[in-house]
Amino acid sequence: MHLKGSHQFNAPAHQIFKMLMDADTLARITPGVSELEATGQDTYKAIANVKMGPVSGSFSGNLEVAEKHEPESFVLKIQQNSKIGNVAADVKIDLEETSSETTRLSFDGKARLSGLLARTGQRVLSGVANTLSKQFFKALEEELENLAHQPA
Amino acid sequence: MTNYIGKAVKRVEDKRFLTGKGRYTDDIVLPGMLYAYIVRSPYAHAKINNIDTSRAEKMDGVVKIYTGKDIAESGINGIPTGWQVNFKNGDTMKEPPHPLLVADKARYMGDGVAVVIAESREEARDAADEIDIDWEELPAVASAKKATEDGAPLVHDEAPNNKCFDWELGNPKEEVDKAMKQAHHITTLEFTNQRVVPNAMETRAAIGQYEEATGKYTLYTTSQNPHLTRLLLCAFVLGIPEHRVRVVAPDVGGGFGSKIFHYAEEALMIWCSERLKRPVKWTSDRSEAFMTDAHGRDHISKAEMGFDKEGNVLALRVKTHANLGAYLSTFAPCVPTWLHGTLLQGLYVTPKINVDVTGVFTNTVMVDAYRGAGRPEATYLLERLMDTAALEMDMDPAELRLKNFIPPFDGVEQPGYQTQVALQYDSGNYHAVLKRALEMVGYEKFRKEQAEARKEGKLLGIGFSTYIEACGIAPSAVVGALGARAGLYEVGQVRVQPTGKVSVFTGAHSHGQGHETTFAQVVADRLGIPLDDVEIIHGDSDSVAFGMGTYGSRSLAVGGSAIVKSLDKIIEKGAKIAAHKLEASEEDLEFAEGKWTVKGTDKSIAFGDVALTAYVPHDYPEGVEPGMDFSSFYDPANFTYPYGAHVAIVEVDKDTGHTKLKRFIAVDDVGNVINPMIVDGQIHGGLAQGIGQALFEGAMYDEDGQLINGSYMDYTMPRADDLPSFEIDRTVTPCPHNPLGVKGAGEAGCIGSTPAVVNAVMDALRPFGIKKDLEMPLTPERVWRHMQS
Numbered sequence: 001m002h003l004k005g006s007h008q009f010n011a012p013a014h015q016i017f018k019m020l021m022d023a024d025t026l027a028r029i030t031p032g033v034s035e036l037e038a039t040g041q042d043t044y045k046a047i048a049n050v051k052m053g054p055v056s057g058s059f060s061g062n063l064e065v066a067e068k069h070e071p072e073s074f075v076l077k078i079q080q081n082s083k084i085g086n087v088a089a090d091v092k093i094d095l096e097e098t099s100s101e102t103t104r105l106s107f108d109g110k111a112r113l114s115g116l117l118a119r120t121g122q123r124v125l126s127g128v129a130n131t132l133s134k135q136f137f138k139a140l141e142e143e144l145e146n147l148a149h150q151p152a
Numbered sequence: 001m002t003n004y005i006g007k008a009v010k011r012v013e014d015k016r017f018l019t020g021k022g023r024y025t026d027d028i029v030l031p032g033m034l035y036a037y038i039v040r041s042p043y044a045h046a047k048i049n050n051i052d053t054s055r056a057e058k059m060d061g062v063v064k065i066y067t068g069k070d071i072a073e074s075g076i077n078g079i080p081t082g083w084q085v086n087f088k089n090g091d092t093m094k095e096p097p098h099p100l101l102v103a104d105k106a107r108y109m110g111d112g113v114a115v116v117i118a119e120s121r122e123e124a125r126d127a128a129d130e131i132d133i134d135w136e137e138l139p140a141v142a143s144a145k146k147a148t149e150d151g152a153p154l155v156h157d158e159a160p161n162n163k164c165f166d167w168e169l170g171n172p173k174e175e176v177d178k179a180m181k182q183a184h185h186i187t188t189l190e191f192t193n194q195r196v197v198p199n200a201m202e203t204r205a206a207i208g209q210y211e212e213a214t215g216k217y218t219l220y221t222t223s224q225n226p227h228l229t230r231l232l233l234c235a236f237v238l239g240i241p242e243h244r245v246r247v248v249a250p251d252v253g254g255g256f257g258s259k260i261f262h263y264a265e266e267a268l269m270i271w272c273s274e275r276l277k278r279p280v281k282w283t284s285d286r287s288e289a290f291m292t293d294a295h296g297r298d299h300i301s302k303a304e305m306g307f308d309k310e311g312n313v314l315a316l317r318v319k320t321h322a323n324l325g326a327y328l329s330t331f332a333p334c335v336p337t338w339l340h341g342t343l344l345q346g347l348y349v350t351p352k353i354n355v356d357v358t359g360v361f362t363n364t365v366m367v368d369a370y371r372g373a374g375r376p377e378a379t380y381l382l383e384r385l386m387d388t389a390a391l392e393m394d395m396d397p398a399e400l401r402l403k404n405f406i407p408p409f410d411g412v413e414q415p416g417y418q419t420q421v422a423l424q425y426d427s428g429n430y431h432a433v434l435k436r437a438l439e440m441v442g443y444e445k446f447r448k449e450q451a452e453a454r455k456e457g458k459l460l461g462i463g464f465s466t467y468i469e470a471c472g473i474a475p476s477a478v479v480g481a482l483g484a485r486a487g488l489y490e491v492g493q494v495r496v497q498p499t500g501k502v503s504v505f506t507g508a509h510s511h512g513q514g515h516e517t518t519f520a521q522v523v524a525d526r527l528g529i530p531l532d533d534v535e536i537i538h539g540d541s542d543s544v545a546f547g548m549g550t551y552g553s554r555s556l557a558v559g560g561s562a563i564v565k566s567l568d569k570i571i572e573k574g575a576k577i578a579a580h581k582l583e584a585s586e587e588d589l590e591f592a593e594g595k596w597t598v599k600g601t602d603k604s605i606a607f608g609d610v611a612l613t614a615y616v617p618h619d620y621p622e623g624v625e626p627g628m629d630f631s632s633f634y635d636p637a638n639f640t641y642p643y644g645a646h647v648a649i650v651e652v653d654k655d656t657g658h659t660k661l662k663r664f665i666a667v668d669d670v671g672n673v674i675n676p677m678i679v680d681g682q683i684h685g686g687l688a689q690g691i692g693q694a695l696f697e698g699a700m701y702d703e704d705g706q707l708i709n710g711s712y713m714d715y716t717m718p719r720a721d722d723l724p725s726f727e728i729d730r731t732v733t734p735c736p737h738n739p740l741g742v743k744g745a746g747e748a749g750c751i752g753s754t755p756a757v758v759n760a761v762m763d764a765l766r767p768f769g770i771k772k773d774l775e776m777p778l779t780p781e782r783v784w785r786h787m788q789s
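Read top to bottom, the protein sequences are chains L and S.
Numbered by the numbering used here, the letters in the first sequence go through residues 1 to 152 in order.
Numbered by the numbering used here, the letters in the second sequence go through residues 1 to 789 in order.
Since the hints were made in silico from the structure, they are not lab data.
There's no promise every hint is true.
Computed list of lysine-lysine pairs in DSS-like fashion (alpha-carbon distance at most 30 Å, straight line) [to be verified]: (1) K83/L <-> K64/S; (2) K18/L <-> K110/L; (3) K77/L <-> K47/S; (4) K45/L <-> K105/S; (5) K110/L <-> K105/S; (6) K146/S <-> K4/L; (7) K445/S <-> K45/L; (8) K146/S <-> K77/L; (9) K603/S <-> K581/S.
Based on the provided sequences and hints, a complete structural model is requested.
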């Protein structure tokens, strides 16, 4: 499954990059993630509950941040396993400053599904992924706003 | 009234089926029974580095967990295949082992790796979730063509380029190439005959029962083929004594081929029961059925047909890559070869034919016989070529066929027709079926309507398909020479009880075909007794002497003929007893209406009295044994060859690409008909299935070998409102070589209908000048995209 999308934020790239590297923030803003625990430099253990189309499941596995080029890009490597099947994804995230105060975040990657997850309702999954990424962007936007309103 | 042949008798089995009183494998509950859940690979191709069952073993209700390693260590064999097809150079086909559970690596998504046995189904399933498997994913290949390319992932190390065999039939390729060079026109098509999921209403199930006190084994299973399953189970897989093994296939809710084969789960349940000394049941859920029932079709073909200036066919050249899946299922090697290549003569006098088939392993579930098995693939290829050629040469598709048909022959006065591809057709009048279909369509009138509709911008189309199939499978000596590892005769035993009631034991298995009615009609008619006095018994290896099961539209042609042979023996013996009782000579007797009568007198004795005499032989002819019970093996002299002409009329929605099937006309010749209502039902069901392939169905694997439409949310089945009221008729050309003159009707509808629908859509799209072929299923999206291209 191809994952692709982008969103414009009212924040500089380095601020967004920093936020995305913070496990606590990431756990807060990623839909379905209930636990995100750093297990090493740029590696995390993640637990998520996600409803994907007709199937839902409790996923657990690893996240890894690779090919870090602060503040321009990084690659998120995801391996999540569940009783209903496994997800493996490599997603490249690019941060492009469109002005001094705005940044376009775009992601492009591929997710590979297996088991029941692959077999059932896969054709609705791109829609689900779309919704999840929108939720993620919205949450990130809110985090950035909160940060802006915090006293320096 | 005892004249039953040709009568539309209502099915005697319907009472139990329609009131929910059928008894299926999963309905059987045995004392002390355990439940099995099979842990399957979520990956199409992956190494198993480690399996940790420790947590699962501690779960509530868990009795035992076995893995592929336990199976390997027990030293049993894997699942065999029943047919051998060799490479062109004479090398034996590649036949890699197919273990009951894999220990080293999984080769398709759904390959079994462990079995959890627990006190309840739910506990087994919950525990299965707690098994930790360390998988190492490997690159996978799902397409038969890609699998043969250099560098493709290898499903089995011992099969280079994933080739199981390559095989050729017909005239030498040079002769065909030469004929092609002389052709005025060559029509070429390249297409996929897509993979379909059998979708029987009842999913597969198996119960293994080993009784320590007697040393006896019983397998209850959803099989079309209980005796063959027993033979494979005993002689090839487990090495257990055949005389202590009973295989029961009770009511079975549809098979369509997918329940012919001996599956790993059947042997596994017996193996587990023997170890645990308790019965063990496994029942497939629907999701499991999608990924583990043997699928059908999946051919990638290039087909070329050469014509002379007048439209006479000169030659046919076919190259097919047949997907066999990850392992060889029971009939897998035979389907794309001897059931496909041999049918490429079709109904035409094509003088030169060469067919070349490569059987290929892929990381997908096994592919095997599915309603029609090879013959629909051959028919699709020929009939798409015919309609496309007619379009390209600007000829009428019906005229082109009539011009090329084999002339009529009855197989009695005129000899059978020897094809270029090994078969000898038994009898046929091919012009008659197409002419009758054209009459039913009102062909000339339709073409005028179509022209009018086109003026109004409506996309109306007509598609033709004529087919022939080889049924009544099969003469043992012939198929033995072709690589079959079993004879394909049938057994029929007729036991007349002392009261004159009749029990019939047949090796054919009924799972929706209505044998309990049709076979009873044959028996009641021949013996002149009421239908209610006949009971048909099948599906239990302890009751029925032997059998080869139901597939290849063989039950009546082969199984029915075996019963007729036994009936002849009953009547012959009855005549001796009757002659004694009537104090007449046998030659002076005639048998009709259920009694023996001394010709020209009113002296007679009824069948029931003769039966009673046979069991109470106080006053009895000398040298005649008591009792009335005969068993016969019938090995057919040839295949039977049903044929027909199907016509589809469709309207394609210009804006959405949706195809509406407006009319479907089918004229079939299945030889003599015993029960026209059952034959009609078989034709209807077959048509729905064939139309389903044309418009709706198709298993889709992604490039990682994941089946991505393995549920009814994702896989489209035809529904009643997708189909018109079928217009069907028959011609009758009896089979000259079996006593009933029958040819078989179970698969006909599924063989002829698919290309007729596709041809109709292509005809409807003609105003767009579309030359490129459309791939099945013709979903609205595909049709719409073609209209836009």
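Structure-based check of each hint:
no.	hint	in the structure
1	K83/L <-> K64/S	holds (21 Å)
2	K18/L <-> K110/L	holds (24 Å)
3	K77/L <-> K47/S	holds (22 Å)
4	K45/L <-> K105/S	holds (27 Å)
5	K110/L <-> K105/S	holds (25 Å)
6	K146/S <-> K4/L	holds (28 Å)
7	K445/S <-> K45/L	violated (72 Å)
8	K146/S <-> K77/L	holds (29 Å)
9	K603/S <-> K581/S	holds (10 Å)
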